[in-house]
Amino acid sequence: METIRGRLTAWYSTALALTLAAFSVALYLARRSASFQDLDQRIRSEAALSAGILAESYRARGVLVRPDTAGRPQLIQDVAALLEVVPDFLIITAHDGSLLFASSDARALTFQQVEQLREAVHAPRGARPSGTLRIEPAGPTIHFALHAVPDAGPQLGAILAGANVQTAELGPQQLLSVLLLVLPVGLVAALVVGSWIARRALEPIGQIITEVHEISDGRSLHRRLAEPMVKDELGRLAETLNQMMTRLERSFGALRRFTADASHELKTPLTVLRAGVERAITTRGVPQDALAPLEETLQEINRMTELVDALLTLARADEGTVPLHKEPVDLRAIVAEAQETGELLAEEAGVHMEVATPPDAVVVPVDRSRIRQLLLNLLTNAVKYTPRGGSVRVQLGQSDGRVKLSVADTGVGIAPGDLPHIFDRFWRADSARTRTGERSGAGLGLAICKWIAEAHGGQIDVASRPGRGTTFTVTLPRGS
Amino acid sequence: MKILVVEDDKTVGQYVKRGLDEAGYRADLVGDGDEGLRLASDGHYELLVLDLRLPKISGIDVLRTLRDRGHGIPVLVLTAQDAVDFKVQALRMGADDYVTKPFAFEELLARVEAIGRRPKAIAPPVLRVADLTLDTGSREVRRGGKPIELTPKEYAVLEYLMRHQGRVMSRTLITEYAWDYHFDPGTNIVDVVITRLRKKIDHAPEPRLIHTVRGVGYVVKA
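Sequence lines, in order, name chains D and F. For the first sequence, the numbering used here begins at 1 and goes up steadily by one. For the second sequence, the numbering used here begins at 1 and goes up steadily by one.
Errors might be hidden in some of the hints.
Result set (EDC-like, lysine to aspartate or glutamate): computed pairs, CA atoms no more than 20 Å apart in a straight line [what the hints assert, rightly or not]:
hint: 1; chain 1: F; residue 1: LYS56; chain 2: D; residue 2: GLU340
hint: 2; chain 1: F; residue 1: LYS200; chain 2: D; residue 2: GLU348
hint: 3; chain 1: F; residue 1: LYS153; chain 2: D; residue 2: ASP261
hint: 4; chain 1: F; residue 1: LYS221; chain 2: F; residue 2: ASP131
hint: 5; chain 1: F; residue 1: LYS199; chain 2: F; residue 2: GLU140
hint: 6; chain 1: F; residue 1: LYS153; chain 2: D; residue 2: GLU337
hint: 7; chain 1: F; residue 1: LYS199; chain 2: D; residue 2: ASP261
hint: 8; chain 1: F; residue 1: LYS199; chain 2: D; residue 2: GLU347
hint: 9; chain 1: F; residue 1: LYS200; chain 2: D; residue 2: ASP261
hint: 10; chain 1: F; residue 1: LYS200; chain 2: D; residue 2: GLU265
hint: 11; chain 1: F; residue 1: LYS199; chain 2: D; residue 2: GLU265
hint: 12; chain 1: F; residue 1: LYS153; chain 2: D; residue 2: GLU347
hint: 13; chain 1: F; residue 1: LYS10; chain 2: D; residue 2: GLU203
hint: 14; chain 1: F; residue 1: LYS153; chain 2: D; residue 2: GLU340
hint: 15; chain 1: F; residue 1: LYS56; chain 2: D; residue 2: GLU265
To be clear, the hints were calculated from the coordinates, so they are not data collected in a lab. All values derive from a computational prediction rather than experimental measurement.
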């Protein structure tokens with residue numbers, strides 16, 4: 001289950017199902033046990049009743065047994081008629097163990113089965129006073145109770161009263177089938193209700209998630225969650241989140257102030273430096289010896305300015321507050337604009353450069369100056385890392401609603417171990433990559449390229465083989 | 001034209017004031033927003049060069065107050081912030097243009113000229129060095145009357161050198177002018193442009209017009 005709601009419902013239902021099952025089993029066992037106690041009680045009373053009838057009849061008549069026509073001893077007719085009212089199995093034996101009476105249920109049994117009952121009564125080993133007996137073959141299982149009849153004359157032996165256990169099973173089994181019917185219905189109802197309760201309980205959390213999402217987009221940090229009056233778990237959660245957002249807002253504010261302060265504090269002295277150098281350099285009649293170091297100073301000031309700009313751009317990008325000013329631009333125009341600069345760079349480095357653009361316009365909403373910066377960064381890099389005689393190829397194309405801008409070179413390439421790091425800030429490849437005598441940049445160019453591509457909803461990828469060349473591919477969505 | 005410069009950094013302020021004075025304007029310098037707002041409201045000045053970070057009242061507030069009072073004085077904003085939204089904010093508040101620190105004075109001057117209500121006096125429409133002419137209106141370049149085709153960057157570099165003919169222009173200044181944003185190619189890309197320009201312009205036996213100043217840059221002179 002994906003959601004807490006689903007898991008809660010599942011756990012809750014499982015717990016309920018187990019509880020219900022345990023309850024049902026206990027109920028069934030208790031009911032069954034009571035039912036068997038009733039059964040035993042019944043047969044004991046039946047046996048006692050029969051013994052009472054026999055004793056009464058003996059007192060009244062003095063004789064209870066007469067031989068039948070075949071000479072076998074039989075209970076006299078009137079007494080037997082009295083005993084017919086006793087239900088279930090009733091067996092009465094004579095003193096010598098012969099059968100004197102069998103109730104109608106017992107008479108329905110086969111001779112062999114009746115013999116088994118008779119032996120149970122007259123077991124020479126001193127019969128158990130009660131127990132369970134399975135009547136063989138294929139007869140019912142009965143509970144029985146034995147009863148002596150001391151007050152009914154010397155001819156009488158003992159009484160066995162028994163009842164089919166099925167009569168005791170019937171009630172519990174009915175209960176079981178009712179339980180089996182009710183249980184699933186109850187479970188389904190519990191699932192529905194449980195899921196509803198979970199949804200009710202978790203609804204405020206969903207609301208908090210939505211609100212936090214809206215707040216944390218970087219521009220709405222001043223907003224806060226509504227804190228419920230009740231300080232339950234959700235109230236405390238909202239409170240904690242609000243405290244966290246206050247701290248976030250504070251640190252974002254500090255960062256914003258820092259970048260603004262840093263801009264000012266770093267750039268004002270640069271402006272002063274620049275002003276002086278520029279003034280000196282453009283004054284007429286300055287000797288040439290003095291001009292060269294001034295020009296070098298000016299170059300350094302520009303590098304420094306670039307670095308400060310790059311750092312501040314990345315700092316603000318982290319904060320998520322660098323806005324892009326997107327407008328529909330034909331990327332072919334940006335490529336064409338950069339082409340001359342690229343060709344000049346390539347000519348200086350003795351590298352061949354070619355540009356391939358599609359015949360149709362490739363109009364994409366982009367921040368023109370940022371995409372130009374991205375392309376020039378890639379071009380400068382490509383030329384820088386391509387030895388004399390190599391080539392650089394810029395290609396613009398589109399497919400599947402995405403625009404691809406790639407810069408491929410036949411340069412020195414990037415070692416596979418370095419590839420994952422090239423977009424990191426301040427990262428630099430082994431100095432062996434650069435042509436000697438050239439100063440490398442601060443190592444922020446590709447980090448900025450990556451940020452520009454991603455800020456446009458796109459990405460930048462690199463493929464490289466050492467000694468064969470490198471290809472950077474920028475992919476932009478057509479309608480971002 | 002009288003210009004009020006509001007800048008709290010004395011050196012930058014003095015530099016701007018002196019540069020404007022030398023360019024034929026009359027500039028006054030004040031160091032805080034309070035005084036800047038008071039003087040700008042007087043109506044004595046025709047243009048305001050305003051730093052955004054000032055003591056007492058910030059530049060943005062000076063600008064907002066001026067515009068709220070219905071004051072239409074043209075305002076050129078100096079900002080240390082490179083973020084585009086900051087510039088957009090300043091423009092929305094009623095600034096006419098902005099220059100990002102550190103700036104080339106040439107850039108500041110060009111923008112002052114552009115927003116000041118005064119035609120460009122410094123730049124004649126046709127620049128001329130010996131028999132080389134460059135028409136800044138039609139962007140036509142001729143040497144000895146023969147038209148010469150130039151690429152955009154070649155034109156920009158030549159125009160810059162011809163505007164300052166007789167003066168040594170450093171590679172960095174040329175690069176800044178021809179590539180209108182911060183662009184550090186890491187190589188002397190200007191040298192390539194100059195080589196191309198020479199092939200098109202400086203044919204023997206005519207006298208060479210583009211001269212190299214070793215270690216610094218180039219100068220155009222007859």
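Against the structure, the hints come out as follows:
Of the pairs offered as hints, the one joining LYS56 of chain F and GLU340 of chain D is violated, with about 48 Å between alpha carbons and a cut-off of 20 Å exceeded. Proposed proximity of LYS200 of chain F and GLU348 of chain D is supported: the alpha carbons are some 18 Å apart, at most 20 Å. Taking the CA atoms of LYS153 of chain F and ASP261 of chain D, the gap is about 36 Å. The hint is violated against a cut of 20 Å. Note on LYS221 of chain F and ASP131 of chain F: the hinted pairing holds, with a Cα-Cα distance of about 11 Å set against a maximum of 20 Å.
At most 20 Å may separate the alpha-carbon atoms for a hinted pair to count; LYS199 of chain F and GLU140 of chain F meet this at roughly 17 Å. Of the supplied pair hints, the one linking LYS153 of chain F and GLU337 of chain D holds, its CA atoms being roughly 10 Å apart against a limit of 20 Å. With a CA separation close to 49 Å, the supplied pair LYS199 of chain F and ASP261 of chain D exceeds the 20 Å bound. Simply put, LYS199 of chain F and GLU347 of chain D have alpha-carbon atoms about 15 Å apart, close enough for the 20 Å limit, and the pair holds.
Note on LYS200 of chain F and ASP261 of chain D: the hinted pairing is violated, with a Cα-Cα distance of about 49 Å set against a maximum of 20 Å. Distance restraint check for LYS200 of chain F and GLU265 of chain D: the Cα-Cα separation of roughly 46 Å exceeds the 20 Å cut-off, and the hinted pair is therefore not satisfied. Among the hinted pairs, LYS199 of chain F with GLU265 of chain D is inconsistent with the structure: their alpha-carbon atoms are about 45 Å apart, more than 20 Å. For the hint pairing LYS153 of chain F with GLU347 of chain D, the CA-to-CA distance comes to about 14 Å; that is within 20 Å, so the pair holds.
Of the pairs offered as hints, the one joining LYS10 of chain F and GLU203 of chain D is violated, with about 61 Å between alpha carbons and a cut-off of 20 Å exceeded. For the proposed pair LYS153 of chain F and GLU340 of chain D, the alpha carbon gap of about 8 Å is at most 20 Å, so the pair holds. A C-alpha spacing of about 18 Å is found between LYS56 of chain F and GLU265 of chain D, which places the hinted pair at or below 20 Å, so the restraint holds.
In this structure, the earlier hints numbered 1, 3, 7, 9, 10, 11 and 13 are contradicted, and the remaining ones agree with it.
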